[in-house]
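Participant: As a plain string of letters, each chain reads:
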Amino acid sequence: MASSPSSKAKTFKSPTKTPTKMYRKSYLSPSSTSLTPPQTPETLTPLRRSSRHVSRKINLENDPIDLPERESIEEINLIRKPRKRTNDIVVAEKSKKKKIDPEVSFSPVSPIRSETKKTKKKKRVYYNKVEFDETEFEIGDDVYVKRTEDANPDEEEEEDPEIEDCQICFKSHTNTIMIECDDCLGGFHLNCLKPPLKEVPEGDWICQFCEVKKSGQTLVVVPKPPEGKKLARTMKEKLLSSDLWAARIEKLWKEVDDGVYWIRARWYMIPEETVLGRQRHNLKRELYLTNDFADIEMECVLRHCFVKCPKEFSKASNDGDDVFLCEYEYDVHWGSFKRVAELADGDEDSDQEWNGRKEEEIDYSDEEIEFDDEESVRGVSKSKRGGANSRKGRFFGLEKVGMKRIPEHVRCHKQSELEKAKATLLLATRPKSLPCRSKEMEEITAFIKGSISDDQCLGRCMYIHGVPGTGKTISVLSVMKNLKAEVEAGSVSPYCFVEINGLKLASPENIYSVIFEGLSGHRVGWKKALQSLNERFAEGKKIGKENEKPCILLTDELDVLVTRNQSVLYNILDWPTKPNSKLVVLGIANTMDLPEKLLPRISSRMGIQRLCFGPYNHRQLQEIISTRLEGINAFEKTAIEFASRKVAAISGDARRALEICRRAAEVADYRLKKSNISAKSQLVIMADVEVAIQEMFQAPHIQVMKSVSKLSRIFLTAMVHELYKTGMAETSFDRVATTVSSICLTNGEAFPGWDILLKIGCDLGECRIVLCEPGEKHRLQKLQLNFPSDDVAFALKDNKDLPWLANYL
Amino acid sequence: MPAIAGPSSSPQKHVVGSRSESIGGVRSAEVNTSRKRKLRSDSAAEVSATVVLPVNSISTPMKWKSPRRCAVSIPKTSDEEIKEDSNEKLENPVISVCLEVKSKWNPKDDEQMKAVKEALHVSKAPSTVVCREDEQRRVFEFVKGCMEQKKAGSLYICGCPGTGKSLSMEKVRLQAEEWAKQAGLHCPETVSVNCTSLTKSTDIFSKILGNYESGKKANGSFSPLQQLQRLFSQKQQQSRSKMMLIIADEMDYLITRDRGVLHELFMLTTLPFSRCILIGVANAIDLADRFLPKLKSLNCKPLVVTFRAYSKDQILRILQERLVALPFVAFQSNALEICARKVSAASGDMRKALCVCRSALEILEIEVRGSIDQEPKGPVPECQVVKMDHMIAALSKTFKSPIVDTIQSLPQHQQIIVCSAAKAFRGSKKDRTIAELNKLYLEICKSSMITPAGITEFSNMCTVLNDQGILKLSHARDDKLKRVSLRVDEADITFALKEIRFFRNCLL
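Sequence order for the protein chains is A and B. In terms of full-length UniProt numbering, the first sequence has 421 at position 421, counting the first letter as 1, and numbering is strictly consecutive. In terms of full-length UniProt numbering, the second sequence has 496 at position 496, counting the first letter as 1, and numbering is strictly consecutive.
Treat the hints with care, since some could be wrong.
Straight-line alpha carbon distances no greater than 20 Å define the calculated EDC-like cross-link-like pairs of lysine to aspartate or glutamate that follow [stated by the list, open to error]:
#, chain 1, residue 1, chain 2, residue 2
1, B, Lys-446, A, Glu-136
2, B, Lys-397, A, Glu-442
3, B, Lys-472, B, Asp-405
4, B, Lys-423, B, Asp-492
5, A, Lys-637, A, Glu-659
6, B, Lys-150, B, Glu-118
7, A, Lys-129, A, Glu-250
8, B, Lys-472, A, Glu-442
9, A, Lys-449, B, Glu-499
10, B, Lys-400, B, Glu-490
11, A, Lys-439, B, Glu-177
12, B, Lys-301, B, Asp-258
13, A, Lys-449, B, Glu-111
14, A, Lys-782, B, Asp-479
15, B, Lys-472, B, Glu-457
16, A, Lys-528, B, Asp-203
17, B, Lys-472, B, Glu-499
18, B, Lys-400, A, Asp-790
19, B, Lys-439, A, Glu-250
20, A, Lys-449, B, Glu-118
21, B, Lys-114, A, Asp-559
22, B, Lys-397, A, Glu-443
23, A, Lys-597, B, Asp-489
Partial selection, computed: residues in chain B whose CB lies under 10 Å from chain A [as the list claims (entries may be wrong)]:
#, residue
24, Thr-128
25, Thr-196
26, Ser-197
27, Asp-252
28, Val-324
29, Lys-397
30, Thr-398
31, Asp-405
32, Thr-406
33, Gln-412
34, Phe-425
35, Gly-427
36, Lys-439
Reference excerpt, derived from the structure (chain B facing chain A, CB under 7 Å, subset only) [to be verified]:
#, residue
37, Arg-351
38, Gly-454
39, Thr-456
40, Gln-468
These are computed hints drawn from the structure, not numbers from a lab. Glycine included, every Cβ here is placed at the ideal spot set by N, Cα and C.
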């Protein structure tokens with residue numbers, strides 16, 4: 001997007017402006033080509049876009065020109081194409097048509113056309129590397145491609161700015177370092193900033209304007225560019241506002257007849273151009289690799305850009321402005337996304353999957369093809385093409401645009417022991433080792449290894465159960481991590497691992513599509529996924545190329561998948577019993593007797609492999625906490641023991657123990673700060689843990705009852721009194737009101753009146769301190785205390801305002 | 001097979017059993033008769049096991065054969081006996097093969113271990129389905145009859161899980177195709193559907209239709225069911241007179257609220273020109289009676305074939321059949337037998353028996369590996385096969401109730417809750433609300449000077465106990481009004497908690 005806040009209006013306008021223009025242009029394109037025949041790129045490039053949006057119409061308009069040539073595809077095996085221009089259009093068109101109806105488009109043609117074909121033969125010479133206008137282009141390079149018809153005439157005149165202008169001073173110095181904002185991608189000179197930065201900070205950095213914008217203020221004072229100076233846009237900005245395109249070179253060749261150089265381009269798309277539009281998770285510099293190809297002349301190629309996979313992208317913080325991220329492939333026909341496994345060999349599998357250009361390969365195969373390794377062409381058409389290629393042959397890299405990406409900003413604050421302890425005790429922190437579960441982990445490892453290490457891989461299931469917070473999931477995950485390391489070391493055969501949390505599924509059936517996506521990378525609806533999975537597991541058909549590997553399916557919260565007729569679980573547990581499934585299922589749930597609760601046919605398929613994670617005892621909890629706190633001297637030993645004993649007595653939940661300790665550390669921190677004396681020991685002591693436990697285990701209702709209004713207190717007291725008097729849990733509002741009035745009378749309080757009393761009753765009912773009979777509020781409504789009367793009495797007893805309440809409790 | 005022995009022959013067999021018992025502790029060949037007698041025969045067998053065990057570790061097959069022989073030698077006249085005789089002949093070579101080859105099995109050899117595991121895996125279907133010949137024959141006869149007469153028919157197959165229903169159906173399907181080829185009839189089109197894999201229950205019709213007329217274009221205006229109905233109610237041309245065999249596995253997944261789908265499916269076989277043979281497979285024994293009362297009135301109630309749970313002899317035989325293909329002996333035969341006995345007593349589920357065998361194998365594997373680690377060059381014991389004790393360990397792992405261990409490993413407060421629940425349900429009362437249970441819990445806590453947990457904490461603990469299968473919480477809108485009942489026996493709780501001194505007084 002165009003960069004700074006100052007150009008906000010502009011950025012807003014540009015997307016809306018370009019598409020309309022695009023449509024119009026593309027409609028016009030045939031006529032314009034007829035006027036100026038040599039302008040190939042202009043006609044070519046719009047076709048790519050236009051076919052996506054209004055493809056039918058264009059076909060109609062193109063008909064008079066295209067029709068004869070388009071038919072020629074059928075004969076392409078025998079005859080070379082007459083003219084290159086038409087050839088390209090046809091090819092671009094062809095991939096679309098093929099999807100629709102391959103039979104029809106490749107049917108034999110009438111003799112007239114073939115006649116015309118035979119007269120003209122075409123010869124191509126293919127290269128791996130071409131030097132064009134002093135720049136080397138290789139197969140597999142990523143380049144900017146011009147989109148002439150969109151560029152404004154004046155902008156075309158102007159040189160493309162080699163270096164981005166600073167967003168504050170609007171000048172471009174070559175020798176000062178610029179910093180890039182991670183939000184708006186604007187560039188700033190380090191010394192233009194307020195306060196000026198000495199060096200590029202680590203981590204993400206957001207410019208002052210974006211920060212202000214984020215904080216919610218609408219009025220943002222942004223520097224205006226000086227009068228008369230036009231804001232020059234870099235290629236990156238043009239690309240991201242879809243005024244330029246990026247493509248990957250798939251082939252390079254020269255037409256022997258006229259010596260024109262061509263490339264076969266595989267387009268990249270910006271997120272806005274996909275069906276879904278820009279999503280929130282898209283990065284600013286994200287592109288999608290498409291399966292859309294086109295042949296274009298080398299003339300249109302501007303210069304290199306660098307599209308990287310996420311791993312490289314994160315490393316490429318200093319590589320200049322033309323670095324982009326590509327994580328997914330985008331299928332323009334189906335509108336589906338697929339993760340690019342490796343950008344380098346991405347085109348191989350795309351060929352298999354989409355076989356987008358099989359036929360074309362055949363076409364070329366019987367042409368006379370000479371392959372040269374390298375050829376250099378110098379300045380073929382520099383003068384002719386004006387602005388188009390003037391930027392070619394530049395050198396870029398580090399020295400072009402200073403330091404751009406900003407690493408982490410680390411505060412130079414030294415953490416105290418308590419802070420360190422708090423950080424390591426967070427639940428989100430992954431522990432380095434998992435104590436106390438080595439036996440279970442060994443069992444899981446043995447199970448998985450036993451199932452997948454043989455080459456025949458017999459499908460099996462294992463059911464893992466245990467109360468919450470006993471380390472079920474983390475144990476399995478760490479086992480899988482160890483196994484992955486072993487796979488890399490080569491001692492275990494590779495497998496694919498799909499992890500699913502039942503609670504994260506929108507509905508139990510969606511598990512099929514998640515599994516399918518894990519296996520093949522494609523996202524489809526669950527019905528289709530079920531069908532494909534059935535084919536894969538039950539009948540042994542193949543999905544993609546993943547199928548030779550055994551598959552390990554980890555299903556967390558298995559009990560959520562229990563539907564009314566339990567068909568989801570049946571299917572998942574039935575697949576491992578099929579001969580070719582190679583599926584290993586690990587199910588995790590809290591319920592111990594889930595298999596017994598299921599239909600017998602399902603528990604029969606589940607097998608007998610169970611693993612129980614019992615609740616931790618206090619010694620284990622102690623060990624867990626101490627391993628986490630290893631090297632940090634923040635806790636007294638007795639404090640840890642106290643916390644773990646307390647938790648072990650109630651639930652044995654490790655999460656809870658950690659939370660208590662963390663809270664105790666906070667309490668201790670607060671206490672030490674408040675006392676403001678540098679105490680000799682900065683340790684968490686028993687008393688802190690006691691406070692934390694009180695906070696955690698004391699029920700919130702006591703606190704609520706302690707802080708209710710005066711009248712509510714009297715009301716509750718009356719209810720308790722009533723309960724003591726009658727011994728019945730349920731009373732009616734009528735009777736409570738009578739008691740309230742008598743209590744008030746004896747203690748010199750004013751009786752509030754029935755309607756107010758009714759309202760108080762309702763309020764207590766809303767808080768669920770009192771259970772009200774549902775329905776209309778009236779005099780005879782049944783009331784009942786929601787908590788034990790002892791709790792209520794305890795909460796109301798020591799009260800300074802109304803000491804006499806204690807008499808009734 | 002003796003398993004299908006009708007009641008008519010049972011008295012005779014009883015005599016045999018008692019006689020063999022009197023002969024001196026040999027295994028009885030008696031199977032699947034009344035419970036009382038079974039008990040008796042079991043006891044006989046146990047006696048025999050104890051007698052035979054020390055002796056037969058070397059020459060098991062001999063001992064195994066001898067009681068059979070003596071059973072055969074007793075004169076019998078019933079059909080079953082003749083059949084058994086023929087089975088006997090079938091079985092004998094199997095055993096002799098075992099005896100002759102009997103190469104040494106080395107559990108340390110990965111290849112051999114892998115072969116055994118594969119042989120025992122559920123997915124590996126044996127080439128012949130033993131012990132289900134009778135049921136298979138009946139189904140096949142039915143299909144054959146329908147195909148010969150070119151009339152429609154329906155059959156319902158029921159049985160417990162793991163009794164070989166689906167496997168047998170697959171075999172019948174192949175058999176029928178073979179037969180049709182030989183008899184010169186049109187090969188029937190077969191549609192095998194597992195109803196769990198359908199996304200919607202009505203999809204079954206489109207699946208049938210899709211198979212039936214893949215060439216003909218779909219008629220858009222009619223639903224697949226209507227098209228099928230039209231197809232079967234009109235007279236067909238000669239070319240379309242192929243029979244269709246529909247096998248619907250797990251048929252009860254087709255039960256909708258109005259039972260429409262299931263009903264229509266069976267009704268397809270009653271249409272005048274219907275050509276489909278419908279075979280439904282499910283667990284419920286009375287699916288047709290319960291859900292399709294209308295069919296009875298139309299007099300097209302499906303025939304029912306029941307697959308009974310496997311008896312111990314059948315399980316034993318199937319296990320042996322699977323292992324006989326291996327060129328070595330991996331299991332001691334009495335180890336297999338105890339597995340068969342235990343599983344048949346519990347459920348008769350073949351899958352379970354296979355799982356138990358595999359886990360016994362794994363126990364052995366671990367043991368062998370451990371012995372290698374300990375003494376690398378010590379003398380290796382002579383016969384490294386899965387023995388009785390391995391199998392018993394595996395069985396106890398499978399069938400042992402974990403309740404006592406679970407209760408003993410509970411946190412103390414949860415133990416107190418269990419204790420108070422045991423006290424609460426000691427009388428005639430079967431369930432109480434959480435509030436009532438809480439009161440009891442508070443009492444115990446107070447009497448032993450323990451700070452009790454709050455009510456919210458208490459109900460959390462009850463949920464955890466519910467998950468562990470110790471308590472049962474019924475659903476209620478209010479936490480407080482949830483009803484609690486005990487799901488384990490009070491004796492178990494007393495037994496589990498009596499070791500802890502604290503609870504001794506509480507439970508009195």
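Participant: Would you mind marking each hint as holding or not holding in the structure?
Facilitator: We went through each hint and held it up to the structure:
1. Of the pairs offered as hints, the one joining B/Lys-446 and A/Glu-136 is violated, with about 87 Å between alpha carbons and a cut-off of 20 Å exceeded.
2. In summary, the hint linking B/Lys-397 to A/Glu-442 is supported, as the alpha carbons are separated by about 17 Å, within the 20 Å threshold.
3. For the given pair, B/Lys-472 sits about 19 Å from B/Asp-405 by alpha-carbon distance, which is consistent with the 20 Å threshold.
4. A C-alpha spacing of about 13 Å is found between B/Lys-423 and B/Asp-492, which places the hinted pair at or below 20 Å, so the restraint holds.
5. The hinted pair formed by A/Lys-637 and A/Glu-659 meets the criterion: a straight-line CA distance of about 17 Å does not exceed 20 Å.
6. Proposed proximity of B/Lys-150 and B/Glu-118 is contradicted: the alpha carbons are some 42 Å apart, above 20 Å.
7. A C-alpha spacing of about 11 Å is found between A/Lys-129 and A/Glu-250, which places the hinted pair at or below 20 Å, so the restraint holds.
8. A distance of roughly 33 Å separates the Cα atoms of B/Lys-472 and A/Glu-442; the hinted pair therefore is violated under the 20 Å criterion.
9. Proximity of A/Lys-449 to B/Glu-499 is assessed by CA-CA distance (about 39 Å); at most 20 Å being required, the pair is judged violated.
10. A threshold of 20 Å between alpha carbons decides the hint, and for B/Lys-400 with B/Glu-490 the separation of about 18 Å falls inside it, so the pair holds.
11. Only pairs whose Cα atoms come within 20 Å are accepted, and A/Lys-439 paired with B/Glu-177 is rejected, the gap being roughly 52 Å.
12. A threshold of 20 Å between alpha carbons decides the hint, and for B/Lys-301 with B/Asp-258 the separation of about 18 Å falls inside it, so the pair holds.
13. The straight-line distance between the Cα atoms of A/Lys-449 and B/Glu-111 is roughly 15 Å, inside the 20 Å bound, and the hint therefore holds.
14. For a cut-off of 20 Å, the pair hint linking A/Lys-782 to B/Asp-479 stands: about 18 Å separates their Cα positions.
15. For the suggested pair B/Lys-472 and B/Glu-457, the alpha carbons sit about 17 Å apart, so the restraint of at most 20 Å is met.
16. Under the criterion of a C-alpha separation no larger than 20 Å, the hint pairing A/Lys-528 with B/Asp-203 is consistent with the structure, at around 13 Å.
17. Taking the CA atoms of B/Lys-472 and B/Glu-499, the gap is near 25 Å; set against the 20 Å cutoff, the hint is violated.
18. Of the supplied pair hints, the one linking B/Lys-400 and A/Asp-790 is violated, its CA atoms being roughly 43 Å apart against a limit of 20 Å.
19. With a CA separation close to 78 Å, the supplied pair B/Lys-439 and A/Glu-250 exceeds the 20 Å bound.
20. Taking the CA atoms of A/Lys-449 and B/Glu-118, the gap is about 15 Å. The hint holds against a cut of 20 Å.
21. Taking the CA atoms of B/Lys-114 and A/Asp-559, the gap is about 33 Å. The hint is violated against a cut of 20 Å.
22. Between the alpha carbons of B/Lys-397 and A/Glu-443 the distance comes to roughly 14 Å, so the proposed pair stays at or under 20 Å and holds.
23. A hinted pair counts as satisfied when its Cα atoms are at most 20 Å apart, and A/Lys-597 with B/Asp-489 qualifies at roughly 18 Å.
24. Interface restraint check for B/Thr-128: the shortest CB-CB distance to chain A comes to about 17 Å, outside 10 Å, so the restraint is violated.
25. Hint on B/Thr-196 holds. Least Cβ distance to chain A is approximately 4 Å, under the 10 Å limit.
26. With a least beta-carbon distance of about 5 Å to chain A, the hint placing B/Ser-197 at the interface is held under the 10 Å criterion.
27. About 8 Å separates the beta-carbon of B/Asp-252 from the nearest beta-carbon of chain A, less than 10 Å, and the hint is met.
28. Violation of the interface hint for B/Val-324 is found here, the shortest Cβ-Cβ separation to chain A being roughly 20 Å, above the 10 Å cut-off.
29. Nearest Cβ of chain A to the Cβ of B/Lys-397: about 8 Å, under the 10 Å cut. The hint holds.
30. Satisfaction of the interface hint for B/Thr-398 is found here, the shortest Cβ-Cβ separation to chain A being roughly 5 Å, below the 10 Å cut-off.
31. Because the smallest distance between the Cβ of B/Asp-405 and any Cβ of chain A comes to about 8 Å, under 10 Å, the interface hint for this residue holds.
32. The interface hint given for B/Thr-406 holds, since its Cβ lies 7 Å from the closest Cβ of chain A, which is under the 10 Å cut-off.
33. Interface hint at B/Gln-412: satisfied, since its Cβ lies 5 Å from the closest Cβ of chain A, which is below the 10 Å cut-off.
34. Of the supplied interface hints, the one on B/Phe-425 is violated, with its beta-carbon coming no nearer than about 19 Å to a beta-carbon of chain A, more than 10 Å.
35. The restraint placing B/Gly-427 at the interface with chain A is violated, with a minimum CB-CB distance near 21 Å, outside the 10 Å limit.
36. Interface hint status for B/Lys-439: upheld, as the beta-carbon distance to the closest one in chain A is roughly 8 Å, under 10 Å.
37. Taking 7 Å as the C-beta cut-off, the interface hint given for B/Arg-351 holds, the closest approach to chain A being about 5 Å.
38. The interface hint given for B/Gly-454 is met, as the beta carbon of that residue sits about 4 Å from the closest beta carbon of chain A, less than 7 Å.
39. Annotation: B/Thr-456 was flagged as interfacial toward chain A, and the flag holds, the nearest CB pair being 5 Å apart, inside 7 Å.
40. A distance limit of 7 Å between C-beta atoms decides the matter here; for B/Gln-468 the minimum to chain A is near 5 Å, and the interface restraint holds.
The structure is inconsistent with the numbered hints 1, 6, 8, 9, 11, 17, 18, 19, 21, 24, 28, 34 and 35, although it conforms to all the rest.
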